[in-house]
Each structure stands twice: as C-alpha cells, then as structure tokens.
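Visitor: Work out the full structure, taking the sequences as your base and the hints as a guide.
These protein sequence lines are chains A and B, in that order. Okay, so the first sequence: first residue is 0 according to numbering that gives the first Met the number 0, each after it adds one. Okay, so the second sequence: first residue is 0 according to numbering that gives the first Met the number 0, each after it adds one.
Treat each hint with caution, since some may be false.
Covered by chain B, according to a simulated footprint, are these stretches of chain A (three or more residues, beta-carbon under 8 Å) [unchecked claim]: (1) 15–28; (2) 66–79; (3) 98–105; (4) 143–150.
Heads up, incomplete: computed chain B residues facing chain A, CB under 7 Å, no partners named [what the hints assert, rightly or not]: (5) R36; (6) I143; (7) I147; (8) F169.
Since the hints were derived computationally from the structure, they do not count as laboratory data. These numbers were taken from a predicted model, which means no experiment stands behind them. Think of the CB as a built atom: it goes at the ideal place given N, C-alpha and C, for glycine as much as any other residue.
Letter by letter, the chains look like this.
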Amino acid sequence: MRTRHPISENLDSLIACRSCDLLLDRVIPPPGKVARCPRCHHVLISNKRNVIDNTLAGALSTAILMVAAIFFPFIALDEAGLHRDASVMDAVGAFADGWSAPLTIAVAAFIVVIPVTRAAALIYALLPLRLGRRPAGGAARSFRLAMALKPWSMAEIFIVGVAVALIKVTDLADVSLGPSFWAFSALIVVVVFENSTLCEWTIWRLLDPKRR
Amino acid sequence: MAIAGPQETITAREAGLVSCDNCGTLAPLGSRAVCTRCHATLHSRRPNSAQRVWAWLIAGIICYIPANLYPMLLTNTFGRVSEGTIVGGAIELFEYGAWFVAVVVIVASVVIPVAKFVVIAMLMLGVRYGSRLSAHRRMQLYEITEFIGRWSMIDVFVVAILTALVQLGFIASINPGPAAVAFALSVVFTMLAAQSFDPRLIWDTLEEPQARARR
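Guide: What follows is the structure, given as structure tokens:
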C-alpha cells in the first residue's frame with residue numbers, strides 16, 4: 000500500500016486513514032488479515048470472516064441476555080434473619096432520591112437503555128443484509144447510531160463494579176448471586192466477542208446502496 | 000506493504016479530499032456538507048476541536064474536586080452514620096486485606112482520571128507548541144486514553160449496587176453521597192474531551208512546513 004499523488008482517479012480506489020488522514024491506495028487484505036496505516040499504525044480494514052453473522056449474533060445475544068438480566072433477581076443479601084433482594088432496576092434506582100436523581104437516568108442509560116438500543120440498531124441495519132435483501136431505509140443512520148453509542152454502553156463495566164461491591168459487602172452479610180448476575184456476566188463475553196469481530200469499514204461497504 | 004517515505008506522504012486534505020469521520024467515504028473537499036453514504040456531516044478536521052477539548056477538560060477537572068472532597072458513600076450502622084470518600088474507601092479496603100480490590104478502586108478512580116487530565120492537556124499543548132514525544136508515542140497515549148476512560152465509571156456503579164443491596168433498616172443501610180454525582184459528571188466530561196480531540200492534529204503539525212510552502 001503506497002501513497003500516490005494524482006487524485007484524478009476513482010475515489011473508490013483510495014482510502015484515508017481516520018486517525019492521521021494519510022491518503023493511501025485501498026488494498027483489501029486477505030480474509031483474517033488486517034491492513035494498517037503505514038504512518039500511524041491505525042487499523043484501516045480488518046477483513047474478518049462472517050462480519051454480518053458475528054455482529055448479528057452478538058446483538059441478538061445482548062438483547063436476550065439483557066431481558067434475562069432485567070427480569071431475574073440480580074443479587075440477594077442475608078443478615079440476622081433479614082433478607083434483601085436487589086434487581087438491576089434497584090441498582091438503577093439507587094440515586095432516585097433527592098438531587099442525585101439525574102444520575103438515575105444516566106445509570107439506566109449506561110447499563111440498560113444504550114446496550115439495548117445498540118443491539119436493536121445493529122439488528123435493524125444488518126438483518127436485511129443477512130437475509131439477502133436490500134438494506135432497510137435508514138440502515139446507515141441506524142448503524143451510525145450504534146457506532147456512536149459504543150463508548151457509552153457500559154454493561155461490562157457495571158459487572159466489574161458488582162464484583163467490587165460484593166467484596167465490600169461479604170464481610171457484612173451473606174451474599175447470593177441470582178441468574179441475572181450470570182446473564183450480565185455472559186454479556187461481557189458477548190461484548191468482547193462483538194468488539195473483536197466488528198469491522199466498520201466492511202459493514203459500511205456492504206450497506207452502501209451504490210455497491211449492491 | 001511498503002512504507003512510503005516522508006517526502007511521498009500526502010494527506011486527504013492536501014489532496015483536496017475529505018474522508019467521512021463516520022464511514023470513511025472520500026469526497027472532494029468543500030463540495031458537499033453531508034456524506035452520500037451515511038449522511039453524517041463532513042469535515043476535514045473536527046470543528047473547533049481545541050476549544051471543545053479544553054472546555055470539557057476544564058469542566059471534568061472542576062467536577063473532580065468535589066468528587067474527592069465530599070463523601071461517596073453514607074453508611075448507617077446501628078444508627079451511626081459514617082461517610083466514606085473515594086480515597087477513604089480504598090484505604091478501608093486495604094485495611095480489610097482486600098489488596099486487589101483496593102488497587103482496582105485506586106486505579107479506576109484516582110490514577111486513570113488524573114492520568115487522563117494530564118494526557119489530554121499534554122496532547123493539546125503538544126499540538127499547539129510541539130512536543131518532545133514522537134507523534135507515534137502521542138498517538139498511543141491518545142488511543143489508551145480513549146479506550147480506558149469509560150472504566151472510571153466503576154466507582155459510580157459500586158455505589159449504585161451497594162445502595163440497592165444494603166438496605167437492612169436499622170442494622171445497616173448505605174446511601175449515595177454527593178461525590179457520586181460529581182464523579183460521574185467528571186468521567187462523562189473527560190470522555191467528551193477525549194472524543195472531541197482530533198488525532199489528525201498530532202500528525203498535521205508534522206506536515207506544516209510543506210503546507211506552509213504550498214500556501
């Protein structure tokens with residue numbers, strides 16, 4: 000991959016590095032390989048196998064696990080004959096009293112609303128492609144939304160927070176974990192899997208109406 | 000893949016092109032405002048990057064001060080209320096002997112936020128005045144900062160879970176303190192500062208002599 004000066008040629012044969020703006024000839028790497036920018040080493044294209052299948056699988060698993068995580072008990076505490084159950088919704092509502100109320104909305108967004116919205120947006124954008132149809136209207140906007148929300152989707156961070164909280168509490172009382180905790184833990188694995196299989200560049204190309 | 004020498008490199012902007020920040024589609028510079036493929040607004044460099052980064056960064060630092068001074072947790076045991084700050088909570092964990100968790104808390108709530116403030120400020124000063132660090136090193140710092148910033152939210156979630164779980168009436172109850180809100184705001188503002196930073200600015204300074212010669 001080398002940079003070239005004449006720009007008169009077809010723009011589709013070129014690619015600019017998103018991270019340093021270097022203009023390069025577009026060379027799609029062989030399946031399973033990654034093309035990096037020669038100047039800043041940012042990933043340009045990672046030609047993953049089954050991008051659509053894997054991303055859809057990740058989004059569907061997120062949606063299913065999230066339903067389980069919300070409706071099953073998350074964690075329970077026993078001390079001196081007293082029993083206390085907490086669901087994910089209780090954790091969301093922890094800040095609901097007083098002036099910290101806006102934080103409730105933020106926590107709900109970070110651990111439930113944004114992960115679910117991302118999954119829905121990815122399914123909407125990619126399912127028609129998987130079924131061999133034309134992309135749905137607004138598929139590009141939908142995929143753009145999913146990408147923009149990525150840093151704000153914090154389900155996996157929440158689970159690490161749970162682990163820290165558990166260690167703080169185990170001295171105080173007996174703690175038992177509900178099915179919802181395991182659903183959330185499985186969610187981390189799914190998120191990691193999804194992040195390692197998603198190639199934005201490939202999906203954008205597949206979504207492009209001109210190329211279909 | 001042959002690496003082009005520095006004299007051969009040309010950026011999309013120098014070639015009169017703009018690459019969509021969102022989907023990477025190339026378009027002639029200034030021809031249209033919106034990307035044909037994904038409908039995102041096109042700009043060669045993120046607009047007002049410097050002002051936005053400084054504004055979010057300063058807001059993040061300001062919020063970080065009450066986040067450390069006020070209590071994060073209000074613990075009520077048998078009628079006695081004790082207040083725990085971020086650092087105080089970590090010290091308590093050390094005293095329990097929960098070394099690993101104490102280190103996780105200190106790293107997520109103190110080391111990462113402070114390192115983020117320093118790195119973002121350093122990147123901005125480097126763009127403005129030049130830096131002793133190579134562009135590569137600064138690029139790595141930027142990528143690490145962007146990747147790791149969200150993890151500071153751990154402490155806010157810990158407070159949320161403890162509050163939801165430990166509500167045993169007179170025996171023990173835990174409630175969030177004012178620092179939880181300030182800390183969450185600080186993390187969000189610093190994430191926005193990192194997102195407003197345009198990494199292309201790191202590399203633009205390297206091209207300046209050529210760009211000036213062309214003008």
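Visitor: Against which earlier hints does the structure fall short, listed by number upward?
Guide: Checked against the structure, the hints that fail are numbers 6, 7 and 8, while the rest are satisfied.
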